[in-house]
Amino acid sequence: MTEHKEDSAEKKSLNFIEAMVEEDIRSGKNHGRVHTRFPPEPNGYLHIGHAKAICLDFGIAERYGGKCNLRFDDTNPTKEDIEFVDSIKEDIHWLGFDWEDREYFASDYFGKLYDFATELIKKGLAYVDDQSSEVMAAQKGSPTEPGTHSPFRERSVEENLDLFKRMNEGEFPEGSRVLRAKIDMASPNMHMRDPVIYRILFHPHHRTGDRWKVYPMYDFAHGQSDFFEGVTHSLCTLEFEVHRPLYDWLVEHLKENDYRPRQTEFNRLNLSYTVLSKRVLLALVNEGHVNGWDDPRMPTLTGLRRRGYTSESIRNFNDSIGYTKVMANNDVGLLEYAVREDLNKKAPRVMAVLNPLKLIITNYPEDKTEEMETINNPEDESMGSRTIPFSREIYIEREDFMEDPPKKFFRLGPGREVRLKSAYIIKCEDYKKDENGEVCEVYCTYDEATRSGGPEAGRKVKGTLHWVSAKHAVEAEVRLYDRLFIDPEPAGHKDKSPVDFLNPDSLKVITGYVEPSLKDAKALDHFQFQRLGYFNVDPDTTPGKLVFNRTVTLRDNWSKRK
RNA sequence: UGACCCGUGGUGUAAUUGGCAACACAUCUGAUUUUGGUUCAGAAGAGUCCAGGUUCGAGCCCUGGCGGGUCAACCA
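Residue numbering for the first sequence follows the numbering used here, beginning at 134 and increasing consecutively.
Keep in mind the hints are simulated off the structure, nothing from the lab.
Treat the numbers as computed from the prediction; the structure is a model and nothing was measured.
Please note that the accuracy of each hint is not assured.
[To be verified] DSSO-like, lysine-lysine: derived pairs with alpha carbons at most 27 Å apart: (1) K629 x K560; (2) K256 x K245; (3) K478 x K145; (4) K388 x K411; (5) K693 x K554; (6) K298 x K315; (7) K478 x K652; (8) K501 x K655; (9) K222 x K655; (10) K604 x K629; (11) K411 x K491; (12) K298 x K212; (13) K501 x K541; (14) K604 x K540; (15) K629 x K554; (16) K478 x K501; (17) K491 x K315.
[As the list claims (entries may be wrong)] Simulated DEER-style distance windows between Cβ atoms: (18) H282 x S630: 48 to 58 Å; (19) N636 x H324: 36 to 46 Å; (20) D214 x N477: 33 to 43 Å; (21) K629 x D214: 28 to 38 Å; (22) E304 x H324: 41 to 51 Å; (23) G165 x S692: 51 to 61 Å; (24) E574 x K541: 21 to 31 Å; (25) G466 x H282: 51 to 61 Å; (26) N636 x E389: 50 to 60 Å; (27) E536 x D214: 58 to 68 Å; (28) G303 x P279: 31 to 41 Å.
Every residue gets a Cβ at the ideal spot worked out from N, C-alpha and C, and that includes glycine.
From just these sequences and the hints, can you work out the full model?
Structure (structure tokens):
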């Protein structure tokens, strides 16, 4: 069985990146080395889209006996902060990946990058431009029209060298001058039209302080950093495809032998009912639509973790959606499937009633309490069993009783029988309504012989209900989360903002009753509230107050039918 | 009216040298079940964007269309 599974796993076809890597190994490119990197900018929290890249970068290295570096792409001090460095590292570790001692920063290479820029100037391949960004933009032309040369394009090497040095000495104000690569103002690729490679910035850098006054642009840092680190496969998302000629142009002028990194692009993650743009995520936090970056409704890794998603489920999800060059729209249902599949194996089953209705077993002794044995997880016997207290007064779910039930309703109603999970079969004899006409108490009788494990335990009844003993139950705050957006593509509307599609019911806070064994549950512990869904313990939990988050509901074929 | 990239069930992927279009999710049946969960068995759903061409044979190769995406930040 296991052997068969491994067989089919090995036969799993390769994605285009794996195929390329295998071909590179076969042909001996870069001496058969495989070295990748994950290059986040420390300007925000990682989200599930980053997880897709992390799984690829670290996964490829793992699979082919290579290494994967963590490199912070910190070339823009105005946007970056050390705060994010720590959260990014925590999230990668949580996902289960490790960069060992290979933690780098693009800012480590500022010196080398500066020297390389100087080399380009000496070769006549870079020049200082004194024009404003507006003027340069106008000269750049358009995708269909070639650009025109800057009047500063033919400055002498000496003047360029002098100017660039003085730019870095803080002699010129921000925005007054840039260094540009001299490539081709008529190139059909806009990125090759003398791209800016250095700009002046006086904002202190979170690592290098005020040592530098000029900072390299992304294009002038990324490929070179790959080169300095010996990266062989530089994997990034599709929108960088048009940058590749520039990446290659720079590497060509940097290479010393036949080693060279190669950029390959894959499709970015798009998830239905979700927004992954950093700008929008920031707005959600700043405008108070969510309670911070770790709000369980956020697609950030810290939010998903708090929501109860396991790292395994996120990795499995990434495995299942694959890596291609197609603009894909992934169904968030697949992510929900992944977490259910994982938690089904791992989460202990417990009793919790979220919308309580009191049920009194009229023929059960008033002062009696029985300890009912119940299994912790039917999917995994090694998780053992525990006992839960049973008594005359219990809570059941309000939805599990109907005064006038339809035929297909398997639960409780007048005269109907139902099993209380791990306890007895009971029969509804009567019920009481309050002044508003709402059912407030249900009266049942129980059949002692039907106790779980008892002589008539095998008797079949249609429904099985979960329950908690009223006097033993523990109160808990339960946060019922739902999708943050009601639209499948909240960012896909030209004239509307994603905020217009926020789900007003994405969070409902209620008080429920849970079985007493949950009193000592620890933050982030996962449980299945039987028949309701998967829940985990929120870190807001204090010794006196339990707080649970709903990770995801169980699959539900009953409510779909309605 | 540019360059580059991409078009396979509802969605996401697969089809290795050109050889019966496969898998997962979703959907729908049925069985099992002390969770309307899980598990198991099964069904329906594409003929591969279109039109040509090469070939005994094309999702795959060629040509031409059509559709979608990316690119004109001193962001990454």
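Outcome of the hint check:
no.: 1; hint: K629 x K560; verdict: 54 Å, violated
no.: 2; hint: K256 x K245; verdict: 17 Å, holds
no.: 3; hint: K478 x K145; verdict: 24 Å, holds
no.: 4; hint: K388 x K411; verdict: 35 Å, violated
no.: 5; hint: K693 x K554; verdict: 23 Å, holds
no.: 6; hint: K298 x K315; verdict: 18 Å, holds
no.: 7; hint: K478 x K652; verdict: 23 Å, holds
no.: 8; hint: K501 x K655; verdict: 31 Å, violated
no.: 9; hint: K222 x K655; verdict: 23 Å, holds
no.: 10; hint: K604 x K629; verdict: 51 Å, violated
no.: 11; hint: K411 x K491; verdict: 47 Å, violated
no.: 12; hint: K298 x K212; verdict: 24 Å, holds
no.: 13; hint: K501 x K541; verdict: 35 Å, violated
no.: 14; hint: K604 x K540; verdict: 33 Å, violated
no.: 15; hint: K629 x K554; verdict: 48 Å, violated
no.: 16; hint: K478 x K501; verdict: 35 Å, violated
no.: 17; hint: K491 x K315; verdict: 79 Å, violated
no.: 18; hint: H282 x S630: 48 to 58 Å; verdict: 41 Å, violated
no.: 19; hint: N636 x H324: 36 to 46 Å; verdict: 39 Å, holds
no.: 20; hint: D214 x N477: 33 to 43 Å; verdict: 39 Å, holds
no.: 21; hint: K629 x D214: 28 to 38 Å; verdict: 31 Å, holds
no.: 22; hint: E304 x H324: 41 to 51 Å; verdict: 29 Å, violated
no.: 23; hint: G165 x S692: 51 to 61 Å; verdict: 55 Å, holds
no.: 24; hint: E574 x K541: 21 to 31 Å; verdict: 26 Å, holds
no.: 25; hint: G466 x H282: 51 to 61 Å; verdict: 54 Å, holds
no.: 26; hint: N636 x E389: 50 to 60 Å; verdict: 55 Å, holds
no.: 27; hint: E536 x D214: 58 to 68 Å; verdict: 59 Å, holds
no.: 28; hint: G303 x P279: 31 to 41 Å; verdict: 36 Å, holds
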